Amino acid sequence: MDLEKLAHSLHTLERKILPFLHDNITITEISAKSKLKEDEIVHALKWMQNKKLVEVKTSSTQIIALDKNALYYSKHSLPERNLINILKEKALTLDQIKHKYKYGKEDINPGIGILKQKNLITIQKEGKEIKFKLTNNGIDYINQLLPEEILLKKLGERLHTTEDIQTFDKSLFEGLRKRKEFIKLEEQKTKRIILTDLCKQLLSQKLDLDLIEAITPDVIKNKDWKEKAFRRYDVETSVPGIFGGRKHFVNEAISYIRRIWLDFGFKEMHGNLIQPSFWNFDALFTPQDHPARELQDTLFVEGQGKLPSKELVNKIKKVHENGSNTGSIGWNYKWNENKSRELVLRTHTTVLSALTIASLRKSQLPCKYFSVGKCFRNETLDWKHGFEFTQVEGIVVDENANFRQLLGYLKKYYSKLGFEDIRFRPHYFPYTEASLEVEVYNKERKEWVELGGAGIFRPEVVKPLLGKEVPVLAWGQGMERSIMDYYKINDFRELYKNDIKLLREVKLWLK
0 MDLEKLAHSL
10 HTLERKILPF
20 LHDNITITEI
30 SAKSKLKEDE
40 IVHALKWMQN
50 KKLVEVKTSS
60 TQIIALDKNA
70 LYYSKHSLPE
80 RNLINILKEK
90 ALTLDQIKHK
100 YKYGKEDINP
110 GIGILKQKNL
120 ITIQKEGKEI
130 KFKLTNNGID
140 YINQLLPEEI
150 LLKKLGERLH
160 TTEDIQTFDK
170 SLFEGLRKRK
180 EFIKLEEQKT
190 KRIILTDLCK
200 QLLSQKLDLD
210 LIEAITPDVI
220 KNKDWKEKAF
230 RRYDVETSVP
240 GIFGGRKHFV
250 NEAISYIRRI
260 WLDFGFKEMH
270 GNLIQPSFWN
280 FDALFTPQDH
290 PARELQDTLF
300 VEGQGKLPSK
310 ELVNKIKKVH
320 ENGSNTGSIG
330 WNYKWNENKS
340 RELVLRTHTT
350 VLSALTIASL
360 RKSQLPCKYF
370 SVGKCFRNET
380 LDWKHGFEFT
390 QVEGIVVDEN
400 ANFRQLLGYL
410 KKYYSKLGFE
420 DIRFRPHYFP
430 YTEASLEVEV
440 YNKERKEWVE
450 LGGAGIFRPE
460 VVKPLLGKEV
470 PVLAWGQGME
480 RSIMDYYKIN
490 DFRELYKNDI
500 KLLREVKLWL
510 K
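Numbering follows numbering that gives the first Met the number 0, with no gaps: position 131 of the sequence shown is 130.
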């Protein structure tokens, strides 16, 4: 590398610290020698790291530090010292001690306890009074420091590491440490500079580092540019990134998915997040004693929902109880209208399909609808499940619709999401027959991942809502799991953590 070119690329701060650098020097030492502030040195070292001139090694050491009470007693003496000074002339009662004690009265009882434990005072009864008196040992300490005072002074003189503890009286140190807010252990990080071979080569050269930083009127007037070189602009150095505003990457994917179905000729469905159980379950031929309607799976909302017309409610009731005119025998139980009023956070967007079918007129057939919306379930949180998720819903209402068309729509949709390995497996849902699950292969985890269910709505769903039996292709696909491969995210929870680094760096949705 051209050392002169490199030297002329150095920032002023880099040039100022360069002469003081040697292996294992610390930032504090550089600051003392160069008279620069430590934050200026940190900036300069960062730039020098980018230029491969230095490496910064960080080491950690546990430091013994005085906490706020120890700092206070270093100035005002320990409670036991203050008590010795008060008792040195004569024995006193507790009230007399409190009267003479100049500092925090809360220190008196602990101080007395320490002196009694060390046999430096005795407690005597004189008549009706209880008095505290120094023992001979206590008198000896009137004019000499207590061991605790010596250690406290030693700790305050300089920084000590935990390795120094072995040089202290262990019981004495632990005694001080047990006192409230007295001694604390802090982690001190020390950064040491290691010079690279390139830096050593640079230091070995006698290069002129007195450079012109900028063209000013004085530089032109004094003709400094004739004798000095200009500092070189380094256009290759790393600089902070500039991050503009953008959509959340999940919303980018949702926009793309919406465009897929709109391009397929579908219309979009919308609806409330909170729905009566009537639409979320009953209209979809889910029995009222089904496990999916229990607290462990469904998030209920306080209050009662409004039901549709009495005519439609009666149709749904009959379908559940005896199958009505659908050719089914129903679920053979007594349907409860109050249970159908219970409000829930919708567990699937299929509720929108039920609402849409109920609103259709015969003149609107055939028709195709979709939605991309939030759903909520009381799930166990893991890498592929969440309490809140987005479902891609779709229905095709057409007398000529068939099962092969259903598979075709799903294959086309997932191929547009970039999936190559797609498979369908038979499954059971209360409201579709035939029913299937869609699975795609997750290359990172080397396993098949279920993304949603699909099927043809049963007559028990369509006939009471639409008024006649028409094939309705239907699907509800998990959106989050279908985009995780593209974003190289292996955990569902990462999608909504709002990790700033991820939000800035994640790639655009460019399918």
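If you are wondering where the hints come from, they were derived from the structure by calculation, not from laboratory data.
Note that the structure is predicted; figures quoted are calculated from it, not measured.
We treat Cβ as the ideally placed atom computed from N, Cα and C, and that holds for glycine.
Incorrect hints may appear among the rest.
As the list claims (entries may be wrong) - Okay, the calculated beta carbon distance ranges per label pair:
{"hint": "1", "residue 1": "N108", "residue 2": "P239", "range": "53 to 59 Å"}
{"hint": "2", "residue 1": "K199", "residue 2": "D420", "range": "52 to 58 Å"}
{"hint": "3", "residue 1": "K183", "residue 2": "V234", "range": "46 to 52 Å"}
{"hint": "4", "residue 1": "K183", "residue 2": "D420", "range": "55 to 61 Å"}
{"hint": "5", "residue 1": "T379", "residue 2": "P239", "range": "22 to 28 Å"}
{"hint": "6", "residue 1": "K74", "residue 2": "T379", "range": "26 to 32 Å"}
{"hint": "7", "residue 1": "I141", "residue 2": "Q95", "range": "16 to 22 Å"}
Quick rundown of the hints versus the structure:
1. N108 with P239: 53 to 59 Å: Given a distance of about 58 Å, which is inside 53 to 59 Å, the answer is holds.
2. K199 with D420: 52 to 58 Å: holds (55 Å)
3. K183 with V234: 46 to 52 Å: holds (48 Å)
4. K183 with D420: 55 to 61 Å: The hinted range 55 to 61 Å holds for K183 and D420, with Cβ atoms some 58 Å apart.
5. T379 with P239: 22 to 28 Å: The hinted range 22 to 28 Å is violated for T379 and P239, with Cβ atoms some 41 Å apart.
6. K74 with T379: 26 to 32 Å: Hint violated: Cβ distance 57 Å, outside 26 to 32 Å.
7. I141 with Q95: 16 to 22 Å: Holds - the Cβ-Cβ distance for I141 and Q95, about 18 Å, lies within 16 to 22 Å.
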